[in-house]
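Order-wise, the sequence lines are chains X and Y.
The first sequence begins at 45 in the working numbering and counts up by one.
The second sequence begins at 45 in the working numbering and counts up by one.
No wet-lab data here; the hints were simulated from the structure.
All of these numbers come straight from a predicted model, not from anything done at the bench.
Note that CB positions come from ideal geometry on N, CA and C, so glycine has one too.
Each hint should be verified, as a subset may be incorrect.
As the list claims (entries may be wrong) - Anything over 10 angstroms on all C-beta distances counts as not near chain X; from chain Y, calculated:
1. 100
2. 101
3. 104
4. 115
5. 118
6. 122
7. 147
8. 155
9. 161
10. 174
11. 239
12. 262
13. 270
14. 293
15. 302
As the list claims (entries may be wrong) - No farther apart than 27 angstroms at their CA atoms in a straight line, the calculated lysine-lysine pairs in the DSSO-like style are these:
16. Y:94 <-> X:88
17. Y:253 <-> X:94
18. Y:48 <-> X:95
19. X:152 <-> Y:74
20. Y:231 <-> Y:87
21. X:88 <-> Y:87
22. X:155 <-> Y:63
23. Y:74 <-> Y:235
24. Y:88 <-> X:101
25. Y:175 <-> X:175
26. X:87 <-> Y:88
27. Y:74 <-> X:196
28. Y:196 <-> X:74
29. Y:152 <-> X:63
30. X:63 <-> Y:196
31. Y:253 <-> Y:235
32. X:175 <-> Y:48
33. Y:196 <-> X:152
34. X:88 <-> Y:88
35. Y:94 <-> X:94
36. Y:175 <-> X:74
Claimed, not checked - Chain X is nowhere near these chain Y residues, computed Cβ spacing over 12 angstroms in every case:
37. 90
38. 132
39. 141
40. 157
Protein chains: 2
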Amino acid sequence: MKQKLNIIKIGGNVIDDEKSLSLFLTDYSKLEGLNILVHGGGKKATEVAKKLQLEPKMIEGRRVTDASNLEVVTMVYAGLLNKNIVAKLQQNNCNAIGLSGADGNTIKANKRIVKDVDYGFAGDIESVDVKTISVLLENNLTPVFCAITHNKNGQLLNTNADTVASELASALAKIYEVSLTYVFEKKGVLKNINDENSIIENINLAHYKNLKDDGIIADGMLPKLENCFVALNNGVAEIHIANTDFLTDKNIQHTRLIL
Amino acid sequence: MKQKLNIIKIGGNVIDDEKSLSLFLTDYSKLEGLNILVHGGGKKATEVAKKLQLEPKMIEGRRVTDASNLEVVTMVYAGLLNKNIVAKLQQNNCNAIGLSGADGNTIKANKRIVKDVDYGFAGDIESVDVKTISVLLENNLTPVFCAITHNKNGQLLNTNADTVASELASALAKIYEVSLTYVFEKKGVLKNINDENSIIENINLAHYKNLKDDGIIADGMLPKLENCFVALNNGVAEIHIANTDFLTDKNIQHTRLIL
Chain X
45 MKQKLNIIKI GGNVIDDEKS LSLFLTDYSK LEGLNILVHG GGKKATEVAK
95 KLQLEPKMIE GRRVTDASNL EVVTMVYAGL LNKNIVAKLQ QNNCNAIGLS
145 GADGNTIKAN KRIVKDVDYG FAGDIESVDV KTISVLLENN LTPVFCAITH
195 NKNGQLLNTN ADTVASELAS ALAKIYEVSL TYVFEKKGVL KNINDENSII
245 ENINLAHYKN LKDDGIIADG MLPKLENCFV ALNNGVAEIH IANTDFLTDK
295 NIQHTRLIL
Chain Y
45 MKQKLNIIKI GGNVIDDEKS LSLFLTDYSK LEGLNILVHG GGKKATEVAK
95 KLQLEPKMIE GRRVTDASNL EVVTMVYAGL LNKNIVAKLQ QNNCNAIGLS
145 GADGNTIKAN KRIVKDVDYG FAGDIESVDV KTISVLLENN LTPVFCAITH
195 NKNGQLLNTN ADTVASELAS ALAKIYEVSL TYVFEKKGVL KNINDENSII
245 ENINLAHYKN LKDDGIIADG MLPKLENCFV ALNNGVAEIH IANTDFLTDK
295 NIQHTRLIL
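So that you can see chain X by itself, here it is in the shape it has in the complex:
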């Protein structure tokens, strides 16, 4: 029987508020068994870029990462946010170890090919080194991944944090029974964006396609959910989308993805 592994991804909104981040990390530290945390960037990168007089460039809701902005996200994601999260987990006796995909060559990516749009130093994940990650897990370390990867050719790459989480889940599902949870500020996927309690409790692929066609699911939620269905197909045991309360109460209302 495979050992259980929890992969939890936290988004920008949980990170931006110091108090909710601190509460989350306290709850996270109490999780038993094997755990991996993946974190996004939050507003801090945009804030630092602005202070450095860099204009953030967005195309269709995606950040364009030129060389200067890559420096900023590397500083903020891999430095400031990752190390502060690790230090707070250590305070709670969770033996966290902060990683980018370059560290231990854990996540290798390719610079996104320019078709219509040049996203700059954006990385699409090619492979995950399951062996190195499991060495860390089996030595009671809790990997904390930021959304920076590399191409094994000396180039760091900015990578979508949701994708980092689902690719880690897919790869690690070969040797662990993986539960993947996306934690954000809402209780789950909402049927009505203006009603916080209109949570869709179960979504399968056919259901997802309908919701997408009807425009009920849109924007940033689309790639997140599509990654999830790929991960389920790759053998990830369960995927949940929930708010921070889910960590301490598995029976709380939230969205579960099913095949």
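Fit chain Y to the given chain X structure using the hints.
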């Protein structure tokens, strides 16, 4: 018999110049056996601090780290420099893993006590977790430490990189035969600061005290050498101060510290 372990610390001047850093990392990647790299900060932190309109505060040649400057050094040392060094080592097939002292609780420090001067968030090292570091080494990973530590109470701390190297060496000497090398832009400790070839080849503690009294060794070299003699007393097998050529030619003229 103990296994050999090389700990090499590179200073600001090797890091500041992209070409010499790249050459160094190529040579470093060819080292056999167990290796740890420690890097300082270089000019980049001051550059970023200036761009963010933070005035660097120095007292007696030491940086005063207020909360804003701690953010900057965490971004630059643990993020930008550490991850770029790791990515370049990975390119050369050296399986590097970047760490701050918070990661895996590898280096615990205490905030420096305020006596005459308040250095802010400056850390004095209390302990090194030899077990976690040796798990990494024994799994063919090469730890790359930046000069950020933590107090195990959620606080990151800015720590002198020379001290990080000597404290790692002292602690790891319990289980490894440690060779510690400080690599910088000069060929060794110079008798005459204006003569690049006036290298003092061997320095023992008595000799060091004379050189200090005569003012031949001064400024930043003093704490570096004092740390070294502590490390030798703690069982570190050998300590060298050399330029980057020493990596590929152990017979090149340089300074060796002896008890």
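Each hint tested on the structure:
1. For residue 100 of chain Y, the non-interface assignment is confirmed: its Cβ lies about 16 angstroms from the closest Cβ of chain X, beyond the 10 angstroms cut-off.
2. With a minimum CB-CB distance of about 19 angstroms to chain X, residue 101 of chain Y clears the 10 angstroms threshold, and the non-interface call stands.
3. Every CB of chain X lies more than 10 angstroms from the CB of residue 104 of chain Y, the least distance being 27 angstroms, so the non-interface label holds.
4. For residue 115 of chain Y, the shortest C-beta to C-beta distance to chain X comes to about 6 angstroms, within the 10 angstroms cut-off, and the non-interface label is violated.
5. The Cβ of residue 118 of chain Y sits about 5 angstroms from the closest Cβ of chain X, inside the 10 angstroms cut-off, so the non-interface label is violated.
6. At roughly 4 angstroms from the closest C-beta of chain X, the C-beta of residue 122 of chain Y falls inside 10 angstroms, breaking its exclusion from the interface.
7. With a cut of 10 angstroms on Cβ distances, residue 147 of chain Y falls inside the contact zone with chain X, its closest approach being about 5 angstroms.
8. With a least beta-carbon separation of about 13 angstroms from chain X, residue 155 of chain Y lies farther than 10 angstroms from that chain, consistent with its non-interface assignment.
9. No beta-carbon of chain X is positioned within 10 angstroms of the beta-carbon of residue 161 of chain Y; the least distance is around 25 angstroms.
10. The beta carbon of residue 174 of chain Y is kept farther than 10 angstroms from every beta carbon of chain X, the shortest such distance being approximately 13 angstroms.
11. Interface exclusion of residue 239 of chain Y from chain X stands, the closest Cβ pair being 37 angstroms apart, more than 10 angstroms.
12. Here residue 262 of chain Y stays apart from chain X, with its beta-carbon at least about 33 angstroms from theirs, past the 10 angstroms limit.
13. Residue 270 of chain Y, annotated as away from the interface, keeps every beta carbon of chain X farther than 10 angstroms; the closest lies near 28 angstroms.
14. Every C-beta of chain X lies more than 10 angstroms from that of residue 293 of chain Y, the closest at about 25 angstroms, which supports listing it as non-interface.
15. Every beta carbon of chain X lies more than 10 angstroms from that of residue 302 of chain Y, the smallest distance being close to 36 angstroms; the non-interface claim holds.
16. Taken as a hint, the residue 94 of chain Y and residue 88 of chain X pair is honoured in the structure, with Cα atoms around 18 angstroms apart against an allowance of 27 angstroms.
17. Taking the CA atoms of residue 253 of chain Y and residue 94 of chain X, the gap is about 51 angstroms. The hint is violated against a cut of 27 angstroms.
18. Using a Cα cut-off of 27 angstroms, the hinted pair residue 48 of chain Y and residue 95 of chain X is violated, with the two alpha carbons roughly 46 angstroms apart.
19. A C-alpha spacing of about 22 angstroms is found between residue 152 of chain X and residue 74 of chain Y, which places the hinted pair at or below 27 angstroms, so the restraint holds.
20. Of the pairs offered as hints, the one joining residue 231 of chain Y and residue 87 of chain Y holds, with about 21 angstroms between alpha carbons and a cut-off of 27 angstroms not exceeded.
21. At roughly 23 angstroms between alpha-carbon atoms, residue 88 of chain X and residue 87 of chain Y fall within 27 angstroms of each other, so this suggested pair holds.
22. For the suggested pair residue 155 of chain X and residue 63 of chain Y, the alpha carbons sit about 23 angstroms apart, so the restraint of at most 27 angstroms is met.
23. Note on residue 74 of chain Y and residue 235 of chain Y: the hinted pairing is violated, with a Cα-Cα distance of about 32 angstroms set against a maximum of 27 angstroms.
24. Restraint check for residue 88 of chain Y and residue 101 of chain X: the C-alpha separation of about 24 angstroms stays at or below 27 angstroms, so the hint holds.
25. A distance of roughly 20 angstroms separates the Cα atoms of residue 175 of chain Y and residue 175 of chain X; the hinted pair therefore holds under the 27 angstroms criterion.
26. Taken as a hint, the residue 87 of chain X and residue 88 of chain Y pair is honoured in the structure, with Cα atoms around 23 angstroms apart against an allowance of 27 angstroms.
27. Among the hinted pairs, residue 74 of chain Y with residue 196 of chain X is consistent with the structure: their alpha-carbon atoms are about 17 angstroms apart, no more than 27 angstroms.
28. For a cut-off of 27 angstroms, the pair hint linking residue 196 of chain Y to residue 74 of chain X stands: about 17 angstroms separates their Cα positions.
29. In summary, the hint linking residue 152 of chain Y to residue 63 of chain X is supported, as the alpha carbons are separated by about 25 angstroms, within the 27 angstroms threshold.
30. Between residue 63 of chain X and residue 196 of chain Y, the direct Cα distance comes to roughly 19 angstroms. Compliance with the 27 angstroms bound is thereby established for this hinted pair.
31. Straight-line distance between C-alpha atoms of residue 253 of chain Y and residue 235 of chain Y comes to about 14 angstroms, which keeps the hinted pair within the 27 angstroms bound.
32. For the suggested pair residue 175 of chain X and residue 48 of chain Y, the alpha carbons sit about 25 angstroms apart, so the restraint of at most 27 angstroms is met.
33. The hinted pair formed by residue 196 of chain Y and residue 152 of chain X fails the criterion: a straight-line CA distance of about 31 angstroms is larger than 27 angstroms.
34. Distance check on the hinted pair: residue 88 of chain X and residue 88 of chain Y sit about 20 angstroms apart at the alpha-carbon level, within 27 angstroms; holds.
35. Annotation: proposed proximity of residue 94 of chain Y to residue 94 of chain X holds, straight-line Cα distance about 14 angstroms (limit 27 angstroms).
36. Note on residue 175 of chain Y and residue 74 of chain X: the hinted pairing holds, with a Cα-Cα distance of about 23 angstroms set against a maximum of 27 angstroms.
37. The Cβ of residue 90 of chain Y sits about 14 angstroms from the closest Cβ of chain X, beyond the 12 angstroms cut-off, so the non-interface label holds.
38. With 12 angstroms as the threshold on Cβ separation, the claim that residue 132 of chain Y sits away from chain X is violated: the shortest Cβ distance comes to roughly 5 angstroms.
39. Some Cβ of chain X comes within 12 angstroms of the Cβ of residue 141 of chain Y; the nearest lies about 5 angstroms off, and the non-interface call is violated.
40. The Cβ of residue 157 of chain Y sits about 20 angstroms from the closest Cβ of chain X, beyond the 12 angstroms cut-off, so the non-interface label holds.
The structure is inconsistent with the numbered hints 4, 5, 6, 7, 17, 18, 23, 33, 38 and 39, although it conforms to all the rest.
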